[in-house]
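Chemist: The chain contents come next:
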Amino acid sequence: MNLAKFIVKRLLFTVMLLIGVATSVFILSKMVPGDGVSSYLSPRSLANEQIVEAFKVKWGLDKPLIVQYVYYMKNLLQGNLGQSIRTGNQVVSDLVKNYPATIELASMSILLATFFGVLFGIVSATKRNSLIDQSLRAVSVTGVSVPSFWLAILVLYVFYYKLGWAPGTGRMSLGIQAPRHITGLYVVDGFITGNYEAMLDSLSHLILPSIVLASFTMGLITRTTRASLLETLSTDYIRTAKAKGLPKAPLMYRHAMGNAAIPVLTVIGVGFGNLLGGMVLVETIFAWPGIGQLAFQSVKSLDFPSIIGVSLLIAANYAVINIFIDVMYGVIDPRVRYDR
Amino acid sequence: MKKRIRIMLALVLMLTLVVTACGNSTPATTEGQSESTEGSQTEEKVLVIALEPDYFTFDPGYAYELYAPMIIGVTYDTLYEITPDSDFPAPQLASECVVSEDGLSYTFTINPNAVFASGNDVTSADVKFSFDRAKNLQSNASALLIDGEGNGIVDIETPDEDTVVIHLSKPDSSFISKTTSTSYAVLDSAIVIANGGISDITAPGKDTAQDYLNNQSAGSGPYIMESFSADDKLVLVKNKNYWGEMPDYDRIIIQDMPDANSQLISVQKGDIDIAFNLSADQIASVSSSSDVNVISGPTMTMGFLLMHNDPAIGQQVSDPYVQKAIRYALDYEGIHSIIGEGTVMPVSFIQSGFLGALDPVDVKTFRDLEKAKAFLAQSPYPDGFTIDFPVSNLAPEGIPLTLIAEKVKSDLQEIGININIVPRDWGGGYGDEYRDGTLGFTVMYWGPDYYDPNNQLAFLPGQFVGHRAGWTADLNPELAAMHEQIIRETDEAKRAELLGQVQMLTAENSPFIVYAQYPKYIVASKDVLNVEYSNVYRMDLTQLKKAD
Chain A
147 MNLAKFIVKR LLFTVMLLIG VATSVFILSK MVPGDGVSSY LSPRSLANEQ IVEAFKVKWG
207 LDKPLIVQYV YYMKNLLQGN LGQSIRTGNQ VVSDLVKNYP ATIELASMSI LLATFFGVLF
267 GIVSATKRNS LIDQSLRAVS VTGVSVPSFW LAILVLYVFY YKLGWAPGTG RMSLGIQAPR
327 HITGLYVVDG FITGNYEAML DSLSHLILPS IVLASFTMGL ITRTTRASLL ETLSTDYIRT
387 AKAKGLPKAP LMYRHAMGNA AIPVLTVIGV GFGNLLGGMV LVETIFAWPG IGQLAFQSVK
447 SLDFPSIIGV SLLIAANYAV INIFIDVMYG VIDPRVRYDR
Chain B
3 MKKRIRIMLA LVLMLTLVVT ACGNSTPATT EGQSESTEGS QTEEKVLVIA LEPDYFTFDP
63 GYAYELYAPM IIGVTYDTLY EITPDSDFPA PQLASECVVS EDGLSYTFTI NPNAVFASGN
123 DVTSADVKFS FDRAKNLQSN ASALLIDGEG NGIVDIETPD EDTVVIHLSK PDSSFISKTT
183 STSYAVLDSA IVIANGGISD ITAPGKDTAQ DYLNNQSAGS GPYIMESFSA DDKLVLVKNK
243 NYWGEMPDYD RIIIQDMPDA NSQLISVQKG DIDIAFNLSA DQIASVSSSS DVNVISGPTM
303 TMGFLLMHND PAIGQQVSDP YVQKAIRYAL DYEGIHSIIG EGTVMPVSFI QSGFLGALDP
363 VDVKTFRDLE KAKAFLAQSP YPDGFTIDFP VSNLAPEGIP LTLIAEKVKS DLQEIGININ
423 IVPRDWGGGY GDEYRDGTLG FTVMYWGPDY YDPNNQLAFL PGQFVGHRAG WTADLNPELA
483 AMHEQIIRET DEAKRAELLG QVQMLTAENS PFIVYAQYPK YIVASKDVLN VEYSNVYRMD
543 LTQLKKAD
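Sequence order for the protein chains is A and B. Residue numbers for the first sequence, in my numbering: 147 to 486. Residue numbers for the second sequence, in my numbering: 3 to 550.
Keep in mind the hints are simulated off the structure, nothing from the lab. Among the clues, some could well be false.
[Said to hold, decoys possible] Which bits of chain A does chain B cover? Going by a derived footprint, with three or more residues having C-beta under 8 Å, they are: (1) 223–236; (2) 312–326; (3) 358–371.
[To be verified] Keeping only pairs whose Cα atoms sit at most 16 Å apart, straight-line, the calculated EDC-like set for lysine to aspartate or glutamate is: (4) K373/B - D390/B; (5) K47/B - D529/B; (6) K308/A - D293/B; (7) K202/A - D434/B; (8) K446/A - E54/B; (9) K446/A - D427/B; (10) K176/A - D427/B; (11) K240/B - E228/B; (12) K446/A - E67/B; (13) K176/A - D434/B; (14) K375/B - D385/B; (15) K326/B - E416/B; (16) K242/B - D123/B; (17) K271/B - D293/B; (18) K446/A - D56/B; (19) K240/B - D252/B; (20) K409/B - D427/B; (21) K547/B - E247/B; (22) K366/B - D385/B; (23) K373/B - E435/B; (24) K548/B - D293/B; (25) K47/B - D550/B; (26) K496/B - E486/B; (27) K375/B - D333/B; (28) K243/A - D162/B; (29) K373/B - E416/B; (30) K548/B - E46/B.
The beta-carbon is built from N, C-alpha and C at its ideal position, and this holds for glycine as well.
With the hints as extra help, turn the sequences into a complete structure.
Modeler: The following block contains the structure:
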């Protein structure tokens, strides 16, 4: 009951947050000098007042700012994000079209980052100050510090071009038929529809971009896991358990890791959010038709309805992930209560 | 214990997924596509082009973006076209054209063989519908049918199914050239009307055919658009009903690939056939490759410096002597080395390749610092000055204007002119200021909207680009009058002579310094023949052939 109340409360807060984000993005978009007319009309058309006026009327740029805001919020509350100036489609339909590609990539990345991050963190903590520990720490520092665009170009060059171990850009090889659309996640749709060729091909295309995206989050998770685990291992109750002769494995995985998991979970949550934000460059380099690519193209062409749509989607993702993480705290550690 | 087993199983499953994924890493080639689609499609010729596209609409009534003609040019026909063999328009849908003596009426006879992909005949009614719609939509495309002062097409008559008569408000020697542009593409009116198309003056608010035309073509060209997904890919397939010579490739996939490095390694790897957005630096790394061909050609994109003539806006650079000093102080050879091999410098704003264009300037000998200093000494600023130099974030042909600005800065320092480069965002205000003519000193670029030198006359005093530099007609009435003279001149030899005179008159005396005509680089697989850059279509896809 307390948990349900907590979730409802957080969801209401999320709605407020989204209204705040929408308002901020709207104000920011209007603070930028220019109204996008120059981005969309040709030099010849810009010399034709009739065409310029028709463009402004079509996109509501001729109305006072407050009127634009009221219309915008009214539409937003009805779930209408407006029409993209760049693609001419409803922003919602562009987001719906591109979102699965991003979710598929982000999920694969967070899976890799969590698996290797936690594994490396545990190994580092248990083999403290050994050569393995030093090496894994070096790997995690590298992951955190290497810029994703550079790493993306590097892995493409080495693993795709030079070694040919992984496919290059895009979600699928051009010769392979995409699976029938069910969820939009090619791996899942391929599996459900029995199109295993498409499933494996799309899975192979996930490898390089997800490694690039995972590297930063993996570094963070490794470092957090190591630090948190070392702290837990130095507590009195672990020392007592050791003194009583508890075997190493249950001591580590049942008693120590359970308590060390909360900070790690927080980092995973933040990391997942960061992945969505960090998609822009990686998706652009890997020609990945997701939200990052949509954001890049929208910003490049000052497509404000689309920019606002992408911002809201990323904010909503952050909020939902945070709620999920908060709930997970209680699952992992029963001492965490939601009624305070 | 059970828990441990579960954990172990999870680890094994995860590793299996990763290993399986890595194992299936053979890149798909265009040949692979044919093999993977069994049966009847094994013989299909597929071409894959990687592009950083700027297009978002394929409705000829709206489209104006750089790469839109590559698609519209093969999905629709126009009355006239520019063929690879000639710079002059040749009939396409029209079998003949008669121009009235006063130059105000053009009577086109439509080729009786012409049919749309739908099987409908191409008639004069389709031409009238298409042109009226494009004109009335008040879009980018409309600007080529009627200008801001109401000059252009005033009426279209259709005396019979095969004849269309177009009446102009005043003679226009570039009208036939204009009909080769995508704004003049002829649409299958029955299909467009059925999908919300309107051609009368109510079109701006009521026409709803753009959604349809963004995803399907309704033309008579050799290809039809099978699908388009923004930020992903566009697929063209051969039009089985095409009435002209059939192209070689059955299917063309244009893959969005914004990153040039990804394009380059993908073409080298064989996953794509043509990479379109490469810089001179990248070309250098593959120029000796035996796997790919490097194709370069001049574009009609030109870069120029604008020095506003109004002292209140242009400040020091409004002075004619300062303008001359800057013209001679720039190291054009150095600028061209930044842009890449194949760059040329037109005498003025008529690009090399156009009717009447003079031979390009020899950039090795043009720079003359002594002359520049002498001109500066005659100006009110003999000791030099400091001035702001706003530069947008645009990058014509992939070369950022900021790079050119840096070079201009270092060149002008040598004669005592210090410029403060002010980086600006094109959509964030710079574009509006440029359009309104309130930028004093800047660097910009220009690409023609249609393939005719008359397009370039916009730079003359009193014309819309001239206005952006404060070059009003009263500042040079003789030159301003040449605009009308050239527009009305239907004799090509006389028009070429007049265009030559314009270049001579503006070579040293204008608020514009055209520093370069940019080249274009394309890298293509050796399996693709006839790859060429086209200034009209970017690439004429109908010319491409698969090597045997």
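Chemist: A separate judgement is required for each hint: does it hold in the structure or not?
Modeler: So, going through the hints one by one against the coordinates:
| no. | hint | verdict |
| --- | --- | --- |
| 1 | 223–236 | holds (count 4) |
| 2 | 312–326 | holds (count 10) |
| 3 | 358–371 | violated (count 0) |
| 4 | K373/B - D390/B | violated, 24 Å |
| 5 | K47/B - D529/B | holds, 11 Å |
| 6 | K308/A - D293/B | holds, 15 Å |
| 7 | K202/A - D434/B | holds, 14 Å |
| 8 | K446/A - E54/B | holds, 12 Å |
| 9 | K446/A - D427/B | holds, 10 Å |
| 10 | K176/A - D427/B | holds, 15 Å |
| 11 | K240/B - E228/B | holds, 9 Å |
| 12 | K446/A - E67/B | holds, 14 Å |
| 13 | K176/A - D434/B | holds, 15 Å |
| 14 | K375/B - D385/B | holds, 9 Å |
| 15 | K326/B - E416/B | holds, 15 Å |
| 16 | K242/B - D123/B | holds, 15 Å |
| 17 | K271/B - D293/B | holds, 9 Å |
| 18 | K446/A - D56/B | holds, 10 Å |
| 19 | K240/B - D252/B | holds, 5 Å |
| 20 | K409/B - D427/B | violated, 20 Å |
| 21 | K547/B - E247/B | holds, 13 Å |
| 22 | K366/B - D385/B | violated, 27 Å |
| 23 | K373/B - E435/B | violated, 32 Å |
| 24 | K548/B - D293/B | holds, 15 Å |
| 25 | K47/B - D550/B | holds, 11 Å |
| 26 | K496/B - E486/B | holds, 14 Å |
| 27 | K375/B - D333/B | holds, 14 Å |
| 28 | K243/A - D162/B | violated, 47 Å |
| 29 | K373/B - E416/B | holds, 12 Å |
| 30 | K548/B - E46/B | holds, 11 Å |
Consistency with the previously given hints fails for numbers 3, 4, 20, 22, 23, 28, ordered from lowest to highest.
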